[in-house]
Amino acid sequence: MVIIENLTKRYGSLKAVDNLSFTAKPGTVTGFLGPNGAGKTTTLRMSTHLIRPDAGRATFDGTPYDKLVHPARHVGVALEPVVFHPGRTAINHLMAIAPYAGVGVERCHEVLGLVGLDDAAKKRVGKFSLGMRGRLNLAAAMLGDPQTLILDEPVNGLDPEGIRWIREFLRDLASQGRTILISSHLLSEVQQTVDDVVIIAHGRLVYQGSLGDLESSANSSIRVETPDPQALAALAVRQSWTVSEVTQVSVVIEGPQASDVGAAAFAAGIPLAGLTAQSTDLESIFLSLTEGQGGMR
Amino acid sequence: MIPAIVSEYRKFFSTRMWWILTLCMAVFFVAVSFGMAWLFAYQATHNGLSDSMLQALQPTVYGLGPSMGYIIPVIIGAFAVTSEYRHNTIVPTFLAEPRRWVVMLAKVVAGVPMGVAVGIAGTLACLVGGGLGFTTGGVDPMLWTSTMWTNFALSILAYVIWALIGVGLGMLITSQVGVIITVLAFTQLIEPLANIALNQFAGASVLAKFLPAAASGSVTGGTDIYAMMSMTGTDGALGVWQGAAVLAAYGIVFGVLGYVLRIRRDVS
Numbered sequence: 001m002v003i004i005e006n007l008t009k010r011y012g013s014l015k016a017v018d019n020l021s022f023t024a025k026p027g028t029v030t031g032f033l034g035p036n037g038a039g040k041t042t043t044l045r046m047s048t049h050l051i052r053p054d055a056g057r058a059t060f061d062g063t064p065y066d067k068l069v070h071p072a073r074h075v076g077v078a079l080e081p082v083v084f085h086p087g088r089t090a091i092n093h094l095m096a097i098a099p100y101a102g103v104g105v106e107r108c109h110e111v112l113g114l115v116g117l118d119d120a121a122k123k124r125v126g127k128f129s130l131g132m133r134g135r136l137n138l139a140a141a142m143l144g145d146p147q148t149l150i151l152d153e154p155v156n157g158l159d160p161e162g163i164r165w166i167r168e169f170l171r172d173l174a175s176q177g178r179t180i181l182i183s184s185h186l187l188s189e190v191q192q193t194v195d196d197v198v199i200i201a202h203g204r205l206v207y208q209g210s211l212g213d214l215e216s217s218a219n220s221s222i223r224v225e226t227p228d229p230q231a232l233a234a235l236a237v238r239q240s241w242t243v244s245e246v247t248q249v250s251v252v253i254e255g256p257q258a259s260d261v262g263a264a265a266f267a268a269g270i271p272l273a274g275l276t277a278q279s280t281d282l283e284s285i286f287l288s289l290t291e292g293q294g295g296m297r
Numbered sequence: 001m002i003p004a005i006v007s008e009y010r011k012f013f014s015t016r017m018w019w020i021l022t023l024c025m026a027v028f029f030v031a032v033s034f035g036m037a038w039l040f041a042y043q044a045t046h047n048g049l050s051d052s053m054l055q056a057l058q059p060t061v062y063g064l065g066p067s068m069g070y071i072i073p074v075i076i077g078a079f080a081v082t083s084e085y086r087h088n089t090i091v092p093t094f095l096a097e098p099r100r101w102v103v104m105l106a107k108v109v110a111g112v113p114m115g116v117a118v119g120i121a122g123t124l125a126c127l128v129g130g131g132l133g134f135t136t137g138g139v140d141p142m143l144w145t146s147t148m149w150t151n152f153a154l155s156i157l158a159y160v161i162w163a164l165i166g167v168g169l170g171m172l173i174t175s176q177v178g179v180i181i182t183v184l185a186f187t188q189l190i191e192p193l194a195n196i197a198l199n200q201f202a203g204a205s206v207l208a209k210f211l212p213a214a215a216s217g218s219v220t221g222g223t224d225i226y227a228m229m230s231m232t233g234t235d236g237a238l239g240v241w242q243g244a245a246v247l248a249a250y251g252i253v254f255g256v257l258g259y260v261l262r263i264r265r266d267v268s
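One line per chain: the protein sequences are E and H, in this order. 1 is the number of the first residue of the first sequence in my numbering; add one for each residue after it. 1 is the number of the first residue of the second sequence in my numbering; add one for each residue after it.
Rather than coming from a laboratory, the hints here were simulated on the basis of the structure. These numbers were taken from a predicted model, which means no experiment stands behind them. Backbone N, C-alpha and C fix where the C-beta goes; we use that ideal spot for every residue, glycine too. Check before you lean on any hint, since a few could be wrong.
Some chain H residues near chain E, calculated using beta-carbon distances under 8 Å [to be verified]:
| no. | residue |
| --- | --- |
| 1 | R16 |
| 2 | W19 |
| 3 | T89 |
| 4 | P92 |
| 5 | V102 |
| 6 | T135 |
| 7 | D140 |
| 8 | N199 |
| 9 | S205 |
| 10 | V246 |
| 11 | R262 |
I would like the entire structure built from these sequences, with the hints used as guidance.
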């Protein structure tokens, strides 16, 4: 369980993170979303004690990060940008963290296997591709077999195959009861991975809840094809539905269910040629949530 | 504390920088000590340099490392910190151990074996180069005396202290290039000038022995090459342990200042 409480960070007059609170629950993958510059990285860095917050705190199963004894055994963290000493081999990079995680060389090879880097153990990290670096970063976070994982933009730089791989990997970890918090600036990138979403814009929380609730919170609209659009539009107004579009052959109505529109048209004797429910896609919801916050700073 | 020390030790010995620098240093010292030893031997055999003068000069040649080449252990020690800031590996390091003072203290402790490794290489290089220089010049290298072995140990001690000063300096400057520029500017320009300047004034000359190179020379037995070259000599040079204490004080001041001013800062 990750609990963020009233985290605040000011840079001069700019509030990078503004009284932000949210929770990531065990057994779920929580997507921490917002456009670039929304304050995601600052929040993650404050949570892990890299940046000192002006106010508020973050706890991991009740303990602040800097009070965890051997944090690597409780919280696995992989932040962006991915950083390694280019001259060090993959296995030596893990071996440098291993003492903190309380593990030996066998576990280092084990996590390399877990992320599919067994063959690259003795390769210098400077020769790694972006995708391989991402995997190594994840392997490092997994070293101490932590109950909580915090991954900053884990999908960045991965090819489609890699994205599918990490999706299954994270789903599997969550099903073991772990708490997974992943950040992304694109909802579509993580939409098939996350259960819950936390959306921030300009350092403030704009949405927290399940992905399903976010989808159903969207206004759905119905495109009705009819030979008599004028009559149908008039009917919609009488029913106090919103008409957003009228063409020669169709009307777009917002508010009612498709079945209500069909029944009303039947009662009014208006012939219909087609009825299509159009749900707003998640990315548009995401954009409207994050852009409706005062635009560019 | 133990995990942090093991981690720092592994980080250090898993990169190539340290042995490349150490190797360059060793080659340089073999060459320089050979040249100096041969020159002194030539003076003794052809130009009437007295035996007692020669025997006084021999430890200077063998102790050349710490007084002339302490740049190398300083840079290697500093790299333990600056390399982490340069490659931003300070982020995973502080994630693994959020108590930053533990990390920094571990770097200091892990700096001891680094200093020993570099010290053995540097000291051996001077013994080999100097020994060969004296022998080919036709004089007894005097390598097998009991004081030689004391000097050998003290020379390694000086390297270790210099490596630790480096860690402190790295904490204060955190930029790799910044450390190199600072060290070069200080050792090649500021310190020799300060040495000369301080020795011009009767009241101030007492301070000259507290300059790093002079203090380092006291550790290795009053064999500081710069003090010799400045002709005035050191004004009642410090004892071995006083010299070591002065050097350690530099390291502690750098480290504490660095911790307060740099290390505690936000990492982004």
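Cross-check of the supplied hints:
The interface hint given for R16/H holds, since its Cβ lies 6 Å from the closest Cβ of chain E, which is under the 8 Å cut-off. Interface hint at W19/H: violated, since its Cβ lies 12 Å from the closest Cβ of chain E, which is beyond the 8 Å cut-off. For T89/H, the interface hint holds, since its Cβ comes within 8 Å of a Cβ in chain E; the closest pair sits about 5 Å apart. For P92/H, the shortest C-beta to C-beta distance to chain E is roughly 7 Å, which falls under 8 Å, so the interface hint holds.
Taken as an interface hint, V102/H does not check out: its beta carbon lies about 10 Å from the nearest beta carbon of chain E, beyond 8 Å. Among the interface hints, the one on T135/H is violated; its C-beta lies about 39 Å from the nearest C-beta in chain E, farther than the 8 Å criterion. Using the Cβ-Cβ criterion of 8 Å, the hint placing D140/H at the interface with chain E is not satisfied: the shortest such distance is roughly 45 Å. Taken as an interface hint, N199/H does not check out: its beta carbon lies about 44 Å from the nearest beta carbon of chain E, beyond 8 Å.
The beta carbon of S205/H comes no nearer than 46 Å to any beta carbon in chain E, farther than 8 Å, and the hint placing it at the interface is violated. Taken as an interface hint, V246/H does not check out: its beta carbon lies about 34 Å from the nearest beta carbon of chain E, beyond 8 Å. At its closest, the beta carbon of R262/H sits 14 Å from a beta carbon of chain E; the interface hint therefore is violated under the 8 Å criterion.
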